[in-house]
Amino acid sequence: MKTLRPIVALAAVSVAGAAAAQEMTIVSWGGAYSESQLRAYHEPYSANTGVTIINDDSSAEAVAKLRAMNEAGNVTWDVVDVVAADAIRLCDEGLALEIDADSQLAAAPDGTPASEDFGDLIVSDCFIPQIVYSTTFGYRTDLVGSTPPTDVCAVFDTAAYPGKRALEKRPINNMEWALICDGVAFDDVYAVLETEEGQDQALAKLATIKDDVVWWSAGADTPQLLADGEIVMGSTYNGRLFSVIEEQNQPVAMLWDAQVFDLDGWIIPAGLSEERTQRALDYVKFATDTQRLADQAKYISYGPARASSAPLVGKHADLGIDMAPHMPTDPNNSKRTFLYNYEFWADYRDDIDAKFQAWLAQ
Amino acid sequence: MSDAAHHGSQDGLNNGPMLAADGTPLKQSLARSLRREKMRALMLIAPLLLFVVLSFLVPIASMLFRSVENASVEETLPETVAALQTWDATTGELPGEDVYAAFVRDMVVAIDAKTHTRLGSRLNYEETGMSSMFRRSGRQIKKLDPVEDAPFKDTLIDIHKGWGEHQTWAVIKTHSVKYTNGYFLNAIDMQRTPEGAMAQPENKRILIKLFGRTLQMSLIITLACVLLAYPVAYLLANLPMRVSNLLMILVLLPFWTSLLVRTSAWKVMLQQQGVINDTLVWLGLVDDAARLIIINNQIGTIVAMTHILLPFMILPMYSVMQTIPPSYTRAAKSLGANNWTAFWRVYFPQSIPGIGAGSILVFILAIGYYITPEIVGGTKGVFISNRIAYHISSSLNWGLAAALGTILLGVVLILYWVYDKIVGIDNVKLG
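Heads up: the sequence lines are chains A and B, in that order. Numbering follows our numbering, with no gaps: position 244 of the first sequence is 244. To get our numbering, take the position in the second sequence, counting from 1, and add 1000.
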């Protein structure tokens, strides 16, 4: 809200002035992530076109706010960074513009059309993929003894790894990990989770460690808990763990096993004026081309969503270390992975969340 | 006033009405000037009134209205809803071809307007699976022609087996009313079914528990605030000005610090490797292996919220205590009361209005808190507001969020009324 107010004021001023045509508001997550976008996308785009980009760190509430703006008939955002699940909901609600990848996004340098270059990552008609990130575990190297964990089921093994663990305070990902560690095959997880018995089975597995879990709701929680030695292992986004390990030099290591891939990308709000839509499309075409996506990986350890960007990923801009081994998509890290099942969670999220919260409150 | 004018006319020498200087009857002239006065007063407050109505009452009213509003089913599927009127959802048989045909006609229009997925999200709150059913079927139904491709019953069941399930149509029919009690039923762990209101399955009941917990913990927090704030306010009011000013700054300082910063500071204090536990272990009061768990549970929420809300208790208490003349206590003592009697019988009763004002303030603020419980409350220390926030920003089930908010507002109003009956609202003072 605090960041929004000056923007609204600015927007009001700019409507009066002729500068209106040269401004756009881009919504993202803030912190190191927005910083990487600023350096990889915004700065070169502004230099090329003269368009002033205003940042708004509201992505966490983007769906609710876009719906409210849409109802009020006054959408003040031009491009919004959201996770794929939110993009699907915004598309369902008619709040995001449908995109034709091949005609509206840049082709790869070798001429491969965008739809092929992004491939399966275009999970919704409105979604323009940007990065692949993963939710995975990090552990304290000094608290796990001589046998560091290599398997995600170490989370459920309180005998071998005593101490608290941090899990996100929502069913998504936790239910899958619980089922895998309860003997369900990787490919059967969602079929099992569709049934009442499967949901009970997952909760029962989680119940075995319930007293040892710290439940987090912000991505920054697990890194803080790890750094303070409050927990022995915890789930969070891989980029957060990268900064704990490489930037803050904490005794923490990654447990990539059974990491859950998720996607983050852009949507353009529905209901913008023709002129603003064109400007937003122009920005998005630039910001998701092969080179730009590879550039972002210089500043943050998230994998570019285009196949053609992967070979271009280089070294971290400030630390000078090779970024490829830190990407969730690196072959060494992705021996066993999940892709967030968007359709399943769109259907079951409310139902399982109610059961999960009721279980938590018991 | 009109009474006085009336008397005037009777006592006057003339029998006719008393006239003002301009010849109109005095009564009328007076009424006119009073009306002008009122209009002027109204004009003065008009900006504020307009502001309050537009920025406060209208949004609240429209949010509360969402808790019963349910037009989207009928608006998206008008013909289907009409056709379903004659279908009895309790017999267990699927609706006839007329419903399926009407449904395809409705869907073709809805898909064109891209409203079918929105309806899917709406119905998914009631029946899991509707969201993908509408999204997936939409792609297929788009290709159908509402006239030529009839009959549709088998075609639709081929597209998605959900259309062949009785439950699907029962849900559509049950939730096709324009104004629904469904959200309120959901808010109290019940659901709307063809057979009437039913309880939610046991493993999904959580909201009533959270309402109870919110009230109970808010009361504990209010009580803790009273106990901690009273001595501080007493000192503030009775110490010499120079010392009390310094104390006042200490009270206000946390007030000027961001809520998130204060809550995060409590995390550093309370966690198992935190300041309090470290000190206790260092002093040898607690064993290193058995560090206290005082965060991510109810204790964490109570401690952090008591601290955050304390100034709201101290300030009204202080301003009331300042108005109590010290001579009263002195008089009591000179008449033979000891220190305790003088305080309890003379000073304390006069300070009650401050306790009342502070308690109402703290309690009502506590009931609506969600950031602090979310950060330090773990699983057992979260409030109903955390669920409201979830439904507003994550699940987008604004109807349910509105129903929960309405109930919370109702509870606060009832408690306010009870307070008025027991203590009397006239007895609340802010100084």
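Everything labelled a hint here was simulated from the structure, so no lab data went into it. Errors might be hidden in some of the hints.
Stated by the list, open to error - Some chain A residues near chain B, calculated using beta-carbon distances under 10 Å:
{"hint": "1", "residue": "E93"}
{"hint": "2", "residue": "E168"}
{"hint": "3", "residue": "K169"}
{"hint": "4", "residue": "R170"}
{"hint": "5", "residue": "K210"}
Small disclaimer: the values here were computed from a predicted structure and weren't measured. Beta carbons are placed, not taken as given, at the ideal position from N, Cα and C, and that holds for glycine.
Structure-based check of all given hints:
1. E93: Holds, about 5 Å.
2. E168: Status violated, d = 12 Å.
3. K169: holds, 8 Å
4. R170: Result: holds, 9 Å to nearest chain B Cβ.
5. K210: It holds, given that the least Cβ distance between A/K210 and chain B is near 8 Å, below 10 Å.
The structure is inconsistent with hint 2 alone, although it conforms to all the rest.
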